[in-house]
Every structure is written in C-alpha cells, then in structure tokens.
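K.L.:
Residue strings, one per chain:
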Amino acid sequence: MTKKIDKTDINAFLGSLLQDYALYAPAREAKYVTFREIHAPEEIVWDCLVTREPPKDVFLPQTEVLFSYIRGADGVVVQSNEAVERERIVWGMRPCDAQALLVQDAVFDTAENRDVYYANKRAKTTVVGIGCNQPLSTCFCTAVDGGPFKKDGFDLFLTDLGDAYLSEALTGKGEKLLASPFFHASRKADEKAAQALEKAALEHLPEAMDVKTIQKHLDELVASPFWDEVQASCIGCGVCTLLCPVCHCFDIVDEGTAACGQRVRNWDTCQYCVYTLEASGHNPRPAGRERVRQRLMHKFDYYLVNQGVLGCVGCGRCVQLCPVNLDIRQIVDEIGAAK
Amino acid sequence: MREYTEAIRQEARRLLTDGGVQAVIGFAEGTLPMRTAPFFARKVEEAERLIWGPYCENNLARYLREWKGKKVAIVAKGCDTRSIVALMAEHQLMRDQVAIIGVPCEGMLDRRIVARRVPGEVLSTRQEGQDVIVEGLRFSVRLPRRELLYRSCATCLHPNPVLSDVLLGEPVAIWNEDPYAYVREMESKPAQERAAYFASEAGRCIRCYACRQVCPMCYCEECFVDHTTPRWIESGVTPAGLQGWQIGRAYHLTGRCVDCGACERACPEEIDLVYLNGKLNKDVRELYGFETGVQVDELPPLAVFLPEEGPDFRIR
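From first to last, the protein sequence lines stand for chains E and R. Position 232, counted from 1, in the first sequence is what the working numbering calls 232; the numbers after and before it change by one each time, with no gaps. In the working numbering, each residue carries its 1-based index in the second sequence increased by 1000.
Keep in mind that the hints were calculated from the coordinates and are not lab data. All of these numbers come straight from a predicted model, not from anything done at the bench. Beta carbons are placed, not taken as given, at the ideal position from N, Cα and C, and that holds for glycine.
Here chain E is said to cover these stretches of chain R; the calculated rule only asks that three of the stretch's residues, wherever they fall, bring their Cβ under 8 Å from a Cβ of chain E: (1) 1035-1044; (2) 1227-1235.
For each label pair, taking beta carbons as the anchor points, the in silico distance ranges come out as: (3) E:P225 to R:Q1130: 43 to 49 Å; (4) E:T8 to R:R1138: 22 to 28 Å; (5) E:T8 to R:E1066: 54 to 60 Å; (6) E:T8 to R:I1174: 54 to 60 Å; (7) E:R114 to R:T1005: 53 to 59 Å; (8) E:G172 to R:R1117: 43 to 49 Å; (9) E:F250 to R:D1297: 45 to 51 Å; (10) R:G1310 to E:S80: 55 to 61 Å.
Take the sequences, apply the hints, and build the full model.
P.N.:
See below:
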C-alpha cells in the first residue's frame, strides 16, 4: 500500500514513534553526519546521502558482549546477551545500505546458519528507507546491481517529493507504520513524480559492471604483478572494511578473570597484517599484495560463489575515506580491462 | 600557489635515468576532487604522472620502510623531511638510501573545511592567486586560501625542507609564529573540561588504526594493541579500550612526532589528533628544548640517556 506524509507532519509522527521504538537515523556527530540512535526528531539530518558510518552496527555492534560469567558460591553463572527487548526502527536508510543488510542476512541468518545475536536484532527492527534524488559523484550502486530507488530489504520506503514523502509499505512491519493517522492518501501524480525522480537520479549513476568478466579476470590475475602495483600505496589500515556496510568479519575474545568476565565479539578486518596470522607464526596473507587482492576477490568473486550476490553495494564510503585515495572503482575498471 | 610539477618531473626523470634510484615516491592525480594519491614512479615514462598541488597531504616518508635496502627518491615537504631525519636518528634508514627532492611547502588545503564551506558536493576546485574557487552542481564559491589550511599547516614552523639533495624552490617565509596556540588554549581550561573533551574525541574512535598506518614513526613490527598473552588494553570500542589506544599511541610518539597532521587527515572520525600529539610535542619542546627531526644527528631526549642528565632527564 502507498500513502503520503507531509513534511510538516513528519516530526510529529517520528515523535510518536519514539514512544514505542528506539530510533536510529542519520544525525550529526562532531563535524559529520552518521547513523546513530536519536532521541528527538529534530536530530535527523535529511539531506545526507552517505552517512560517515553505515547503519551496520544496529545489527552487528562493533563490540558486543555475547555473554558474561560470574563465579558464585554455587558455581559459574553464565548470562547470555542475546535477548533484544525493545523494538527498533532504522529510519532513512539508503538502498545501498539495505542491499548490504541483505548480503549480511545471507551470512548470519539462513536456514543452515542463524546467528542469534544478529537474527534477534533483525526480527525486532523495522527498516525504513528513502530514495536518493541526487546521488553523489562517489555513488555507484547501479554498477553493482543496485539502484537509487531500489526497494529490496525495506519494510517501508519513502520518496522525497519536495513537500511530502511518498510512503510505500512493503511488509507487514511497514503496513503497521503506515496505519498511523499522519499518513493520508497519495495520488497518481505523486507516483509519477517519484518515477521522474528515479529517472533523473539514474542519469547521474554509472552503467552496470560486467560482473562475469571481472570475476573471470580476478581468477586469472591471482599471480599477476598487477597486484604489486595496486597495493603499493595501501597503508594497511581498516578504514575501507570498517566503514563498509557489507564487511562483517569478527574476532571473539574472552576478557576477564577466573572470577568474572565476558566473551566479546569485535569487528575485525582482513586488511590488518595480523588478520590471518596463525599460532605457528605462519601468515598465508603476509603482505599488502595478498590482502588487497583478497578484498577485491572476496567482494567481486567469492561472495558471488558463496552467497550468490556481490559483496560491494556501491555506497562509495571506501572511495571517500581511504587515506591514500585507493579507489575501488578504478581498480575494478583495471581488472575488467586486463588482458 | 607555487608550481612545482614540471620541476618534480624533471628531477624524477633525471634520477630514474642515472640517479640509481629504484623509484621516485611522489603524488599522482587523485580520482576525486581535492585528492591526490601517493605514487611510485619506477620507469622514466612514469615520471609524467607526478604532480604537485595543494592536496599533496600525505607524509610520504611513511613509505620508506617498504624500500629498505633499495635506494629511492622522495618528494618531501618540510614535515616529511623532518620525519626522514627522525627515522635516521632511530636508525631506520641510511642517508645514502634516500634522494630527497625538497619542496618548500605553502601548506595543504583541508578538503573537509572546503566541503563544509559550500552548499553541496564539491566537484572541482582551482587556485586563483591567494583564493580557491570551489565549484559544485549549482554553486561557485571563492574562498581565501588561508582559511582553508589544515590546522597542522596553519601552525607550521617548518614548511621548508630541513634536509634535501635538491631543493626545488626558494624557501617560503614562515607565516606562523605560534605553533601551539591551540594547545595553550586547551591547557587554560579546567581539568574536567579537558578530560571530557578527550573522552568525547576518543569515544568516536573505531580502531581502524589509519592514524598508526599513515604515520612514518609507527613502524613497530608488533604494535602494543596487537599483542596478546597478555592483551594490554581492552580489545573493543569501550571507553577503556579507546582511551588506552589513544593515550598509548600518543605517548609512544612523544619526542618522535613532527606535527605533520597526517594522522588527523586519515582519521575517518575526524578525531582531534593534532591537539593530542601537539600537546606532547609542546611539552618536549619546553622540557628539553627539542623539536623532532629539525637537526640531523641531534639525539632524541626520550630515546637516549646521557650521564649528565639529572633525575628529571634534563641535562644538568
């Protein structure tokens, strides 16, 4: 079902949601805009297309206590942290970040593998998206099978019509929100306007990449000196992976004493030199060459093989934030063009 | 702004032909407005890709550790040459292994300041005298260069190379007399306020270690945060873990940092690292009269013990 909400009503609507839900939205943090929990509708920044940090940690916190333990008179008591008490809404997610969530679902929430910490959060969260009227020059969702108004992964999808948001419910969770009296009927003209916005946005976005050729060339280039060139300026930090909405590697550590402590899951990154360091001292990815290659191969080859989807959603965060301007778009172009 | 591109290319061609260098480390055009990318010209033809401009923001001395045992040339601003001197003082590189193409620097422009001063995405910029014209889809704004400098550049005392094999221009006049004004401003605040500021800055850290990886002086084969058995600080993004990381790195850089600002520029969370490291550098300056990497062969006071030092490590 599709309805409409006027911009003059949106803050009142969001205020009503804050009674029952924890709300995560793009909001100001120091000098930039990022996805975080908000406590007042006025905190939301509506015109930020690519938040500094993606909404990744709403479902996969960077540091998450899995369980804690304490030794008492009767032995060790273990307390799990898997329960999610409060309903949550992620508000204003963009199609690229939603696609990333779907890629993570393919890892953390399948019939064969269900991560209870991730799955519980997913079950308790309503995802509200918004289309991108004016993509940035660093956006390339269309190159990786995405689009500025793609609705996959959302419960409710908004389109900014200027004075109102066209609002389309895609699931039961979305219908629940749409039932609010703040929404009123939309008209055919609104839907036509939304289509025109999508058409205009697509004009600024690149063509789809030739995924099959990229994948084939990646397999062929494994031993190539190509990677020595590409990795030369990479400094081996974790910016690209930690700020990537798709990347989800993690490390599990136990911190505490015999008396009490916690098992903690932290984000990890394949870009750290210690990532594949084994207890024997051997490191199968000993240098930048292997690690940079691995990132490209995982995103554009292995994800396709294992999950059936690309591991890059074209959000452009790594492009914007790499300290040495290593540009994944340029690297993929070079891979495609390689002989 | 001074034009050095042609001079850099010429010197690079000369060095790659008969200067005995395996590569010239410099900058090439970036893929975004206001960006350049570190570039390694290995063949004479590749010298054409080297450029100079107001966005050559990385400290290229960081890459020298990857060329050990090989002779390389490096395009170096004042701060970069200080890092080279500091690395020499720590026996991390030999003078004859590096050919320094010295560039007197007028300061680099802060692309984050530029982005915040205009009403949309920046698509291009160009220099016009002392102004920068910034253009986007529906705007064109003229801004004075001096308002756009990185803080480390605005407060720089050493824009001119302290060491070089060839100097590509006349030294620039120092434009700033008070390098630690912003540190003094913070020092004048009550302790609780300073502590809250540090906690909120450190609180944004995501432990990507971009600050560490981009720094010429962070060359330890095993960083203290990567050590296990035992783990020295909490592994997660908890306040203890983050503040432990920030404080640990700052202390490990005391007397070694050259205030180049590369760390703050690399940080995706825009943490105030120039202040954190600047504060410690100011302390070293006042306690020991030492500025990292300015005098070749000067002994770093926190790395060297001399018999004539008193109990506070100062020379009696």
